[in-house]
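Protein sequences appear in the order of chains A and B. Numbering-wise (the numbering used here), the first sequence opens with residue 1 and increments by one. Numbering-wise (the numbering used here), the second sequence opens with residue 114 and increments by one.
Just so you know, the hints here were simulated from the structure itself, not pulled from any lab data. For each residue, glycine too, the CB sits at the ideal point set by N, CA and C. Certain hints may be false.
Straight-line alpha carbon distances no greater than 30 Å define the calculated BS3-like cross-link-like pairs of lysine-lysine that follow [said to hold, decoys possible]:
1) A:Lys13 to A:Lys53
2) A:Lys57 to A:Lys13
3) B:Lys114 to A:Lys57
4) B:Lys114 to A:Lys55
5) A:Lys3 to B:Lys170
6) A:Lys57 to B:Lys184
Computed from the model, here is a short list of chain A residues facing chain B with C-beta under 7 Å [to be verified]:
7) Gly42
8) Leu43
9) Glu101
10) Glu106
11) Gly107
Spelled out from the first residue to the last, the chains are:
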Amino acid sequence: DVKVTQSSRYLVKRTGEKVFLECVQDMDHENMFWYRQDPGLGLRLIYFSYDVKMKEKGDIPEGYSVSREKKERFSLILESASTNQTSMYLCASSLGFGTGELFFGEGSRLTVL
Amino acid sequence: KNQVEQSPQSLIIPEGKNCTLQCNYTVSPFSNLRWYKQDTGRGPVSLTIMTFSENTKSNGRYTATLDADTKQSSLHITASQLSDSASYICVVSLNAGNMLTFGGGTRLMVKP
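Okay, chain B solo, but in the shape it has when bound (with noise of 0.2 Å):
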């Protein structure tokens, strides 16, 4: 079964401080894999996509990794602001057609 796990399920930090969140998936055949950061009462917006052939992407303070053969990916964000508070939700899409499986997400919180 295609399964896309994440973790932690969520996260407490000071600002300032960098954190990193896991995603683990089980999805083949692998097409891509997207960050999207999804803001409280907001829907989701892409952070990065990841293809079979990347290992490492950034967008300004986020960066993402892709390990195809561990079947992992991390993404770093770092010297964390307030407004990085928001859900991080995982999304693998398969080789064929139109099939995303999405990630349980991990809840950020940067305190003050």
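So that you can see chain A by itself, here it is in the shape it has in the complex (with noise of 0.2 Å):
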């Protein structure tokens, strides 16, 4: 079975700590992703790879960089947490672009404060 693992479900963090998020998969994916998802705005990208040490600017990235060391794991950081950060966090990863279906992990709740 296909797994996209995130590391935390739920965070609280304070304004302008540092914060990140961890997500691994284990389907060998060149593909990986970070959305954000907040109520009446949908689901929207803030950063993708598609390659070890690659990465490309999504629709929201302020405020967010990633990276990605190796081919499973993608993490993403706050530099300085703020309250309009305040949302649910989704991994992703596919194998192909376009064409290819998303697995998504179980999402990371982060609520600063």
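Take each chain as given, in its own frame, and dock them per the hints.
What follows is the structure, encoded as structure tokens:
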């Protein structure tokens, strides 16, 4: 069974803290993605990566950075968390672009106080 | 601008009834359209994929249709069950590159 694992289901952080969200996939997929999901706004792409050490900005990259040092691991970093980054964060991976099915993790619900 | 609009935003139906969810898109050039089901507190899971040449595809009690001319898709759920309560997200893929456009989702609640 394919699996995308996100390290934390629930996090509570304070404004200004650095936050790391980790994602690991066991399907040998080239492509990995970070989305945030907010009520009424749907899923919005933050960053994606199509290869180790490669990254591309999505629709809303401001305030975020990513790291992909190994094929199976894609990390989302909030350098200085702000309250407007309170959200559900979803990691996904896919084998191919476009036609490839996205496999999502369970999500990480981040609250910034 | 590439857009995907889903309707209704939310829906409540009694258990055992059928329902139809709509997805209209303006994405071009079109490659394919996927329907995902997202249970509360979980990540979305793909239900079905529709390509340009496909009109209808079934997955158990779920039947997706696609009209590429009018740029509309629907997801029909037959004999709804409590476990169908979830958000259903329509995702359209461009025919080039890595562009996916997500709909806002329809939140379905099936009541006993």
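Here is how each hint holds up against the structure:
1. A:Lys13 to A:Lys53: holds (27 Å)
2. A:Lys57 to A:Lys13: Since the Cα atoms of Lys57 (chain A) and Lys13 (chain A) sit roughly 24 Å apart, the hinted pair holds (cutoff 30 Å).
3. B:Lys114 to A:Lys57: holds (19 Å)
4. B:Lys114 to A:Lys55: Status holds; Cα separation ~24 Å.
5. A:Lys3 to B:Lys170: Judged against 30 Å, a Cα distance of about 26 Å means the pair holds.
6. A:Lys57 to B:Lys184: holds (28 Å)
7. Gly42: holds (4 Å)
8. Leu43: This hint holds: Leu43 (chain A) lies near chain B, its Cβ roughly 5 Å from the closest one there, short of 7 Å.
9. Glu101: OK, holds: Glu101 (chain A) within 7 Å of chain B, min 5 Å.
10. Glu106: holds (5 Å)
11. Gly107: Constraint on Gly107 (chain A) satisfied, holds at 5 Å.
Going through the hint list in order, the structure satisfies each hint without exception.
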